[in-house]
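Whole structure, please, built from the sequences with the hints as guidance.
For reference, the chains in residue letters:
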Amino acid sequence: MSKLFNEDVVEEITRKGDRWQQSTGHGGKANDREFRTLSGISVEPVYTPEHTADMDYLRDLGFPGEPPFVRGVHPTMYRERAWTMRQLAGYGPPEETNKRYKLLLSEGATGINGIFDYPTLRGYDSTDPLARADCGRGGVAIDTLEDMRILFDGIPLEKVSSSLVTCQPICNITVQSMYFANARNRGVPLDKLTGTSQNDFLMETCMATAPGVLPPKASFKLSCDAIEYCTKHAPRWNPISFAGYNYRESGCTADQEVAFVIANAIACSEEMVRRGLDVDDFAPRLSFFMNGQSDFFEEIAKYRAARRVWYRVMKERFKAKNPRSLAFRFHVQTAGVALTAQQPLNNIARSAYHALSAALGGAQSVHIDGYDEALCIPTELSSITALRCNQILQLETRVTNTVDPLGGSYFVEALTSKLEEKILMLLEEMDGLGGIVKATETGWIHGKIADAAYEYQNDIETGKMPVVGVNCYRMDDEVLPIELFEVPETAKVQEKRLKRIKKERSDSEVRRALDAISRCCDEDGNLMEVIVESVQSLVTEGEITEVLKDKYGVWNPPLF
Amino acid sequence: MKKAIRVVIARLGMDAHWRGSVVVARAIRDAGMEVIYLGNQMPEAIVETAIQEDVNVIGLSTLSGNHLELAPEVVRLLREKGIRDILVILGGTIPPDDIPKLKAAGIAEVFGTGSSLEKIVRFVSGSD
Amino acid sequence: MAGERKKRILIAKPGLDGHDRGAKVVARALRNAGMEVIYAGLHQTPLQIVNTAVDEDVEAIGLSILSGAHKTIFPKVMSLLKQKGISDILVFGGGTIPKKDWGILKSIGVGEIFPPGSDTREIAAYLYKVL
Amino acid sequence: MNNPDYMEAKKYGEDISLDEELYRNLSGFHIKSLYGPEDIPKFDYGTDLGLPGEYPFTRGIYRTMYRGKPWTIRQLGSLGSPSEANRRIRQLIQMGSTGVSICLDMPTIMGRDSDDPMSEGEVGSCGGVAIDSLEDMRNLLEGLPLDEISINFVSNSQSPVILAMFVAVAGEQGIPLAKLNGTMQNDILKEYQAQKSYYFPPRPSMRLTIDTLRFCSENMPLFNPISISGYHLASAGATPVQELAFTLANGFTYIEEGIKAGLSVDSFAPRLSFFFKAHNDFFENIAKFRAARRIWSRTIREKYKAEDPRSWRFRVHTQTSGSSLAAQEPENNIMRVTIQALSAVLAGTQSLHTNAFDEAFSIPTPRSEKLALRAQQIIARESGVINTVDPLGGSYYIEALTNEMESVSYEYFREIENLGGVISAIEKGFYQSAIADSAFKYQEEIEKKKRIVVGLNEFVTDEEMDIELREPDPEFEKQKVADLTALKKNRDLNVVKTCLSEVRQVIQGSDNVMPVLIKAVKSRVTLGEIINVMRDIFGEFREESIY
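Residue numbers (our numbering), protein chains in the order written: chain A, 1 to 560; chain B, 561 to 688; chain C, 689 to 819; chain D, 820 to 1366.
It is worth saying that the hints were derived from the structure and are not from the lab. Please note that the accuracy of each hint is not assured.
[Claimed, not checked] Pairwise CB distance ranges, derived in the manner of DEER restraints:
1. K794(C) - N1309(D): 43 to 49 angstroms
2. E1266(D) - V188(A): 57 to 63 angstroms
3. G1239(D) - D743(C): 32 to 38 angstroms
Cβ coordinates follow ideal geometry from the N, Cα and C atoms, glycine included.
Now the structure itself:
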């Protein structure tokens, strides 16, 4: 037993607290609004030991790097190694993005966070008629292995950790395969590669949804194929990053964000176990991608609660033993949806404290949004400013001096427990629905997220949720002085290259490659095993997608 | 009884963000109008659906930056078919400098990030 | 170098404001760098500064100015030195002095300007080099 | 409970001491890698924290803090001429500022009129307002609701005269003294310690301060007659714990002097307020405020026997750290200011000033000032941190740090006491050397990269950003001098003479100086004329230079 306060003490504090509460009233003299977190949890005017009375230090907090990992996944956290500063970069043709990568690395970024354009994410080639207006937008365009070669030209793959924001399995299965194939061509063994690919089936079926995507089961299978492949061949690569960030951007609440990523990870783990892998072989490499939203303390509590829940899930459901399987590791990106197009420099202040909450919550890496994000793709200035925010947090604020600096705070501990409780309830509910894949097929997840998104918007419009510059402190005569980013010409560059490649490559090799993929689908084999080889023939992403959709069919998500 | 206003909502091209379009679609439906939610489409398909479904308004959404290419195309295709009574509106991440260009191309109204649902609904229902 | 007289430097804080943090830090850094530092303190008029410089037989005068009065004070100090027929005392400056004014100050004979954020080791190195 | 010692820190390169320094805060405390229950071993909730709005106020001085009423957003509203400043203040109010600070120009700060030879080239300097006569004060405050908006005069040695002018203008506007809001910085002790805008020796200055204190406690119950300022100590180089300890010791000195002058402690203690700096070290900063509240309330209650709970409350205004801002890549400063502002809010400040991001090299533009204001509004309205009081309360780190801040402060109190109290310590040069030591150590740490300022000594870019100053406008100076000459010509010289000799008389005696000052300023006697009379009698203070 390591209760924090003995019963007599708690009793006395509770008695005093009650008296205080009575003489204070609700605590909203000036306005009678309710005090709730962004996710709707009611907040007390003051928190005291009374609110953490049930807590047992060793059981509920423990030491950093030890179960239940609430205080952090490493014993010394940022004292030994600061969080990785990742800045998203990607736009236009690969040669342009390659320049931006090099700029960020030379300015002190410690990893690459590559994003891909919409056609690539969807599995289309740049020359596809559907792609013509979106080529090079939102990320870099990748069609063949040649593009991947150009993208990482001159960047030491064995040293730099790369995060491939492939989003959906349909994109990941090809793009990650290209990354691996490119590494091999450069003589870098796969077991030397460090990085992460996003590869989340909910991205395809619930988030970045379009008509005619792969059905949930198929998308989920592709995602699991990559996990299995990496477990066997690229043990230092994180083959999946559960995209809580995007769930949250789409509208869900903090507890839903955590519950959905964990439910997703449970489903993947069950599948891996079914495929005969040991939990401690793959679980250490499951990683999470979370959203740094605007409720400062709720976010901190969210990260802490996620660690506690994950520990219990892996321990109890999967009997994991490796501490790395039990520790919830995550990357944070500050919330894009919380940024405003109005008075864009205000976004620096927002992102600053969003990132601070991630650091206080024990994130492993942090991306800070560019302040012009709500207006355009980040310019060079805004990307550097965002990187500097990260550096200032690490080097000037000295919040990295001690581990879990908020540990013990009555409010933070109470909120952590409250979020844990809500997350567990949602997990139970999804168990009842037959797991997350089923919950997706029936549209349950879509409904939850759309409800929350609608409520969020309504809260802004009724003023219940103030947003400076939007529903309060507006400027009518605002001029937007910031310089906007222009996407460089992409479609023509890609078209030219693709034409040349198609002329030069061997048609019979391409045929063979596509047949192999098709056969693998029929035999229910691991597709990544095949595609890593296939891409060497310079088969395009679009061609691979065509085979997969042909084999698995398409699905229209019940979005609205 | 007056026929309800019919609106088709589509995300232009390949843009992945559905939050805005779904929230707007709901608000329009809640205001008593009929909504056909298309998801991602290219201009040809959007116009085709709009004609088949006999809608009054086409609501386009994009955050990817493809608005200057695709939104005017929707208007142009409508005009080519001789249709002038379908209102085309656009929402999403739209740099302020582009708004005049879009309006000149026939987009009736542009609702940038941070626009209120109330304003959009009022505009669509024609009471603005 | 043994036996050589230590460099004598006068550090002064002219003008009305009391922000002497920079002047003091520089004074101490120069002292630690082996110079003889005379710190004239706050609110010195140009005449007082020049008189002290003569009395103390210094080789350089460092003026710290944060009030924006640099365009008034430097010319006064320079012309007083001239009036007294002194040409071998180096005058240098620090504080919030915009770069656009450096040219004007240097044209009347001011040696170097050290803006906020300057490294004190650079200041010492400069003085050793020039004197 | 067994606490694993994680102090096996990684060693970087050859400079081993670098690593240890990294784990110290700005006050030099050693920071452990983990804090747990064992770090607050004798912790007693009721005695150490209590409930918000209750003794010892560690968690906050009001019961519901920002749930009931947000902190006052107080931005600087001064600019050159009094009427320009007036326009600026109105703009700030319109943008949502609920309080305004007014800075004075260097001549006014030094008690000189614009036409004084010493003032040449500095009239309107440092973005301050030039105040010579009642006319200027009238222009400055024209049309402002002095009973609603809270005005903070950044005025010190010359405060009795500024207060007299303020009282006179309020009278002209028909606002009863009892309704006057606002603050006079009027903290002379920190002038000798750090800011150095003093003219008289400490003891006569203290007498003037006590006169204003008495006048306000008798006539202006809503006005804060002294804002005891740590900000300047910190700017001059004091570490956060020195800022804390020296400021509180100054506060106790005003209490003692007030009591010595025959005032009852409860008649003026409730109106004493404080002014802190929000440092870059996030948690250290929060602990500083919490320790301050606890020390203040305990001492005022136990040592000075104050009975009114309002006397026990440590009320504080905060400004983000201007000196932490970099001229390189100025957009980064928005981030610095935001984090510092957030720490002040989590620490429970009563009002807050956020610096403009371009301040390190230029005159803040209306746009940069607006952005600074917005950072506060975003914290207040979006971040949700106002939902509960003292959200960090109970955190092992924060509580341990608060305790350490407190105990180190008591060591400083003892040291000051051994020197014979604050005024003697000033006379003996104690503060000068303590602060100079800290300032020098800080500079050394920057140069040896033991402390990092992004853009200054790490991630340095070649970006050239020239300093822009609020340069005194020579035309404005000419105009101001001409106006003053005209004013001096057009007044009744006999009345002026009588007033000045009354001032002389009261200064030589022991009566409260305020009534004759009010009369004098109404008769268009200037600030410089009054201060010169005082200089004549009190003499001028010159500090011994210690560096």
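Inset, instruction - Return the numbers of the hints above that this structure violates; sort them in rising order. - result: Structure breaks hint 2 only.
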